[in-house]
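Enquirer: Just so you know, the sequences run in chain order G, L and V. Numbering of the first sequence is given in my numbering, commencing with residue 1 and proceeding in unit increments. Numbering of the second sequence is given in my numbering, commencing with residue 1 and proceeding in unit increments. Numbering of the third sequence is given in my numbering, commencing with residue 1 and proceeding in unit increments.
Since the hints were made in silico from the structure, they are not lab data. Using N, Cα and C, we set each Cβ at its ideal position, and we do this for glycine too. It is possible that part of the hints are untrue.
[Stated by the list, open to error] Going by beta-carbon spacing under 10 Å, a handful of chain L positions derived as facing chain V: (1) Gln48; (2) Leu116; (3) Ile119; (4) Thr173; (5) Leu177; (6) Tyr185.
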Amino acid sequence: MPQILVEGLAKTYRVAERDPGTWGAVRGLVRRRWRTIEALKGVDFSLEAGELLGFIGPNGAGKSTTIKILSGILQPSEGRCEVGGLTPWRDRIRHVARIGVVFGQRTQLWWDLPVIEGFDLLRDIYSVPPDRYRRTRDELVGLMRLEKLLDQPVRQLSLGQRMRCEIAAAMLHEPSILFLDEPTIGLDAPSKLAVRDFVRVLNKERGVTVILTTHDMHDIEALAERVIVIGNGTILADSPFETLRQGVLAERRMFIDFEADAPDLAGLDLAGVTVHGRDGRALELAFDPRVIAAPQLISRITAAHSVADIHVDEPAIEEVIARFYDLHGAGEA
Amino acid sequence: MDALRLYGRYTAVSIRSQLAYPGSFLMMSFGQFLVTVIEFVGVWALFQRFGHIQGWRVGEVALFYGLASVIFSVADAVTRGFDIFGSVFVKTGNFDRLLLRPRTTALQLLGYELRLTRIGRLAQGLIVFSIGVHMTGFSWTPASAALLAWALAGGTALFSGLFICQATLAFWTVESLEAMNVLTYGGEAAAEYPLDVYARWFRDFLIFVVPIAAVTYFPLVAAMGRTDPLGTPAWALPLTPLAGFAFLALSLWIWGFGVRRYTSTGS
Amino acid sequence: MAANLYPNGALRPYLAVLAGRFQLMLQYRAAALAGFATQCWFGVIRILVFAAFYAGGAAGQPLSLRDAVTYTWLGQAFLAFLPWNADPDVADMVRSGAVAYERLRPVDTYAWWYARALAWSTARVLPRAALMVAFASVLLPLVGLGKWSLPPPPTWSAAGLFAVSALGMILLSAALTVILNVIMTATMSDRGANTLAAPFVNLFSGMIIPLAFFPDALRPFLRAQPIAGLVDIPFTIYFGGLTGADAWRAIALQAVWVVVLVLAGRWWLERALGRLQIQGG
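Use the sequences and the hints to build the structure in full.
Expert: As structure tokens, then:
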């Protein structure tokens, strides 16, 4: 039995359409026209305990609808969803006691309170036994290096400091599942790394199941073994990230610095290779590793020309995802 | 029991964060006090001119006036979370956070803030009530004190119910919530005078539709040891504050309905 | 057109702020309706209470019940004219410190604030007053409650005098709002002014009860103080409680207070802004 099971999940909203202007508002009172929006059109997936799932998709694709249903704050129109044997929206209180949720853009702490007092209040909200609370809290504080932040009011923390506290706060009741919604949004580079490290530790060492939604593809690259791409209310892909990359954009880049001006490679008759850029002695090639492997390409070039330096790169992850959305016609909804 | 303990914790936190700005707290409390005390100055002046209203003297009206103020200030202080629910929780989506915690939403909103500045109006109510006690020779007996406490409890329940209804409306619209002021602030204003000064239709409204008279007028008439000029039997007078609890229960039921709507539309 | 009438276009910014405020306020229709409902309810309670008081004997009262009813509806109709609060935008500027830059606008700061206050209150009052008149003067008589309605002024001259006095009320309200703005600017806090304004305005304007009901000994003082011009003077003129020379004297008093408050506000504003600049270095 998987820890999270989602079958045929669908959600439709009815939105009242209003004509513009005063007269439209008056007419709207009498006769309403409704428009149906299908936010989710049958989503299926399952997740085993201890997995770390990246959940991505353009805005309006159905990401947050799915997360809201999984966390028990939204009822689907159709479909089944069980988390640890509970139906989230039906057993809301029992369900939410077992999950932790972090919204990158909203705080769950108390703005005017010192962090530690917010933690204490969460202890009472989640009815965590005092000794267990102390142990968990001290571990989290050590892990996230929060010692110096505990006595500061939340409003005085930087965004990065706050996010570390937020994640710790979401873990105080030792949930077995953690939902992270854009946890790195707006953070500076060191804070992003700290958050990623923390999530990795929670997942690998504590076995916490993590569902991560983000627009920062580096989060996905750094953390997720498995990625679900959602677009237009359906799952477009559910696979390890590497598989996704190869399926979409297998292309690699090769950057070569020659000893002399970059030569014309046409004579080498290289299949699956295109010249992407040329600047003095530098040359940028794009190649398909399924047609010609990198070592082979290097040896053919170095055999013909003298080369100062070579490095091979993958296309940026944003490019992969953008290409993927294009392929599925799933740009910004 | 656990819920009560949590409420206590919420309250302690709320008080501490309000006292973090003592200047603001004192000024707002004083303003509350002044604005409502000055209303009573108007009542006083009218009595100087007219002597009585339907046979009630100023001291007796001070009792009604004070009780209404005390009840309203307590209810207004504890239900702050519901009062600002539309703008602070629905418009912003912050209600999601409440749904993500393993507690009832009503308890979390009650715990949102205990609005200390209402102490200004509470003080006004207590002072006006004391003036009434002094002028009428209101007799403090265990029975009359218990009746007042009972009226306070029922009244707090009733007005809290009204604020909960107002918050429930916010699930549908956050625009026209001020209309509920008619019943909250307007209800308090109506309870400042004894019920029998009003016309029949208005009395019926205050008894049967929004039973404000049941938590102020009837129990206070009983506590004063008077017979109701409207003819309510004496045995029934002390029972009426129950209506406040019934109203609260009804409001909480409607609230649950609103929460279900929120979780099915997500907005 | 305005530019032609006023050659330098000096009034332009003020007319623009007036128009802008109106549009903004008219967007809040729902709030206006809710405010209207609340005012109807409070009007009803007050009238029922007055009726109960008068039932015990109207002899020797300074106002008849009919006049008290008229006064009550007028009070509910024009409630939003009362300067309970400083201009919320100025309050924001005080909080953020941006108020120090107000002098950099190419307009006269006092006139600018005055125009805003005027626009703010007028835009709030007019829709509500119109609704209230429709309710209390038209609907109530139609459903047979004519006794409890808002009647028109008894004579044409009362109507004319009321129109003049209402203008005084509007100008006075704006002058007081700007004074609250100035107090806020001078104290650099939005708390004091807003907290203390409401009780005094309510009491001394005659909004809580007509000033005539207060003990006779206080009457000369109550009638002479500036805030009486907000409610008591215009309303008493409306129902014919002040006529002829008495009415003109009351209107003159309103005018004197407007001039005094405008001059005082202007002087104080200059001082407050000047001090800000010095502190700001």
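Enquirer: Decide, hint by hint, whether the structure agrees.
Expert: Evaluated hints:
1. Gln48: Check passed: Cβ of glutamine 48 of chain L comes within 6 Å of chain V, closer than 10 Å.
2. Leu116: violated (15 Å)
3. Ile119: Since the shortest Cβ distance to chain V is 14 Å, the answer is violated.
4. Thr173: Cβ of threonine 173 of chain L sits 8 Å from chain V, so the hint holds.
5. Leu177: OK, holds: leucine 177 of chain L within 10 Å of chain V, min 7 Å.
6. Tyr185: holds (7 Å)
Comparing the model with each numbered hint stated earlier shows that hints 2, 3 do not hold.
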